[in-house]
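> Line by line, the protein sequences are chains X and U. Here the numbering used here is used: position 233 in the first sequence is 233, and no number is missing along the way. Here the numbering used here is used: position 6 in the second sequence is 6, and no number is missing along the way.
A couple of the hints might just be wrong.
[As the list claims (entries may be wrong)] In silico contact screen, one side only, chain X against chain U (beta carbon under 10 Å); selected entries:
{"id": "1", "residue": "Val112"}
{"id": "2", "residue": "Phe145"}
{"id": "3", "residue": "Glu156"}
Note that these hints are calculated values from the structure, not bench results. Note that the Cβ used here is the ideal one computed from N, Cα and C, for glycine as well.
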Amino acid sequence: MNTLTLCSAVEEANGRGIALSSVFLAREAETSQRPEAELQALMSTRIAVMRHAMKRGVEQPQFSRSGLVQGGAQKLAAWQAAGGGLLGGLFSQMLASALAVSEVNACMGRVVAAPTAGSCGVLPAALFTVADAHKIPEQRLNAAFFTAGGIGLVIERLASLSGAEGGCQAEVGSASAMAAGALVELLEGTPEQVEAAVAFALSNLMGLICDPVQGLVEEPCVRRNALGAVNAATCAEMALAGLRSPFRADAVIETMGKVGRRLPEEFRETARGGLAALPFPPHA
Amino acid sequence: MGIFDILGPVMVGPSSSHTAGAVRLGLFARALLGGPPRKAEMALHGSFAATGEGHGTHLALLAGLLGLEPDDERIPEARNLASDAGLEVQFTLADLGEVHPNSVCFTLEGSQGPLTLCGSSVGGGRIQVWELDDFPVELDGEYPTILMTYPDRPGWIAVVSALLAQARLNIATIKAHRTARGGVALLSIQCDQVPPESTLVALRSLPDVVSVRFVPALGGHA
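Pulled out of the complex, with its shape left as it was, chain U reads as follows (with noise of 0.2 Å):
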């Protein structure tokens, strides 16, 4: 935390939980779906849902699918930049059960394929991702981040510690996530460093692997 966290962050208002942190979520979203969504469907919960309209929630969530920054002054016309972009969009609300009260569920379709994502605004512009595509997650958007996708054996987390140490790349946190014993587990790392497009390619080519995805960190945070 430093002086620049106290003023700042510069953003559009009218809230950094309700507006700042839904930009980024939504920006995250993009990034993980590796592009423009064509279509977006959002389920909006607890305070998004009742105060979102207000505080701009929905515009938010979509400046950030559409890759605005939060201190970006379009923010306010993402609905026409969004029909603009052919982007189908629609708005639902949900009850997730006991999370966050500034929370949102993504189901994505972009060209490379679907994503779900759900995640909070947990106050002052951060944000915590804690499920993706049915795995349950713990990311924050502040760090560059790989996530990998690999059939449940012992020795993966071994074999990527291993490339990873190879670039120099530090580990911030790692964590692996499964839905089952012995199906398809996620492994999530967060680096201090952007890997080399050779780690990724590397990752990429390991036996077995279904997918490596990366994910620059966000700008803007809180």
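Only chain X is shown next, with the shape it has when bound in the complex (with noise of 0.2 Å):
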């Protein structure tokens, strides 16, 4: 088996006319020497630990011990649902879900670290929201989910998933990459538009520091989850619309990876640069 990269993976889809999923899920089978149905339930089953986490914190408002977090997504709910929403109610669901994912890791709820706990909000927010407006069949969902997790190990290969090692970027921007790319092949995009739409969200957050105020993952933590929901969406939308990335998202994953080893420590993960050198509680 050859290595793994993204071209490598897009050239095997393109090459056997597959979706990227499929190449994932044969890898995962090969390399675990388990049968593809099997890893296929696995994942049905980190999947419905995420759909109920996002459920737990829109429905029951979460509070932290920081007082860092305050239900937030349970707000975002009651504004959409109150006519608030900026962009229509989807947009506002996206935000709703990746802040409840997010607050229910922070208030020592059961999440699944995608990649980490401190991004567990940003692919249950993106490929939820999409795939119910989109009425899409959950087998569809679960392939995409595949998809997700292969850019992940790409990311992980060629760069990192770590906030100490890479900043936010590897963390917040890792997970809008995976999820990203599992947008567009959840609405029947191409391979090549999937490795667009990770180029782009990774181009998008690069740079971004992991700054965590006290060393909590709650602030900024929660809030840019939901970013990284957005970001997944934007980058979608645009490679699906025919918008081409002039780098090839493997480079553009080492430069995220080359990006973080040149970030001081203080912006990766030590809560000492950033918002987290802000004077904590700030003066009235």
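Put the two chains together into one complex, using the hints given.
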């Protein structure tokens, strides 16, 4: 089996006339020595955990011990229900969903790290909001998560998925790239369009630092999950409309890794720089 | 590394290193102790000390000692569960030296005796145990692991590896550690397969062996 890059995966998908998700699923079956049906069933259980966290965060306002999380998802859902949505209901729903999962995580609820706990709200918000609105069958949603996972594997191999190594661009940025590519496949875009969406998403968040206030996965992390989801939708839509990336996604991923390594340590999850360096609690 | 390492683990938040990894450190300590502790003192170092409270690290460590997995939604209630179980708990802050920022030392008392264990949560829920009853060790809990102590004399590793070979157990890693030459040595063996009880019995009946412990591979890994 050749080394995994997005370029090689796109080539294989085109060569065999199959979707990227099928390439990643077949590869996973081979490396893990488990049948594809078993992997799809396991993915369904992960999807169910994500759905449950999303519902919980919207329906039961979440409050963290630090006081930094105060039921933001429920506020957005209420604002949308009252007709406040600036860009329509779907947009508000995506924001509320991202906050919901991320707030449940901050308040010690059960989530799927995707790819990390700090960025766990991005994929569910982006994928469930679009899949539900477009009434996409569960099987295709399941497949799109394999596309997301495969993109994550490539990023892990060519760059990093850790905020301590690469800043927030490596966590929320990577989650956003995974979601962007998965959204393109969900809406039956081509493998090249998936690749373009990944390149766009990472380019847009290039250089984003990790500066968690008090070292907690709350401020600004929770709202950055909403940013990651919206960025994914933005980039998927641009790719589906036919915008092309001047750079291959692999090159953008490697660049993200290089930028991450050059970030000063205070911007890599040490809680010593950026917002984390502001006096806290702020003076009234 | 596979797709379910990327889309996983399923865990109770907020942090794979400060919460999920902390649960796994507790689970590993419990497994080595051979059952639930009666008394537990935990010395928190670095980031565990500085941001542990906000990350629920204390609850996560306790939850592991109580046998809860990293995705158990009862983790936030670990203090109550500990007091229901009659577990005496004390947390302290410590400077453990030049070690990973997410580190803890457990001093435990169980029905089979005391245990001290120091380890770190090194990211993504993965752990590294680096000290066990004053022996330097390198254990990650990913494999079924045999730990045995014996007098530091020539020939032990040959005898032990012959016994494992008889049981067709493949050794992933094997390391000998000692505190002083000619004293007591500790052998840690991470296996690819779970050793049968007969092998553990054979190891325990070796002449002069001090102790033989077995720890299964931890679940819910990164």
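> Now tell me if each hint is right for this structure.
Verification of the hints:
A hinted interface residue such as X/Val112 counts as satisfied when its beta carbon comes closer than 10 Å to some beta carbon of chain U; here the least separation is about 5 Å, so the hint holds. For X/Phe145, the interface hint holds, the least distance from its beta-carbon to any beta-carbon of chain U being 6 Å, beneath 10 Å. Hint on X/Glu156 holds. Least Cβ distance to chain U is approximately 6 Å, under the 10 Å limit.
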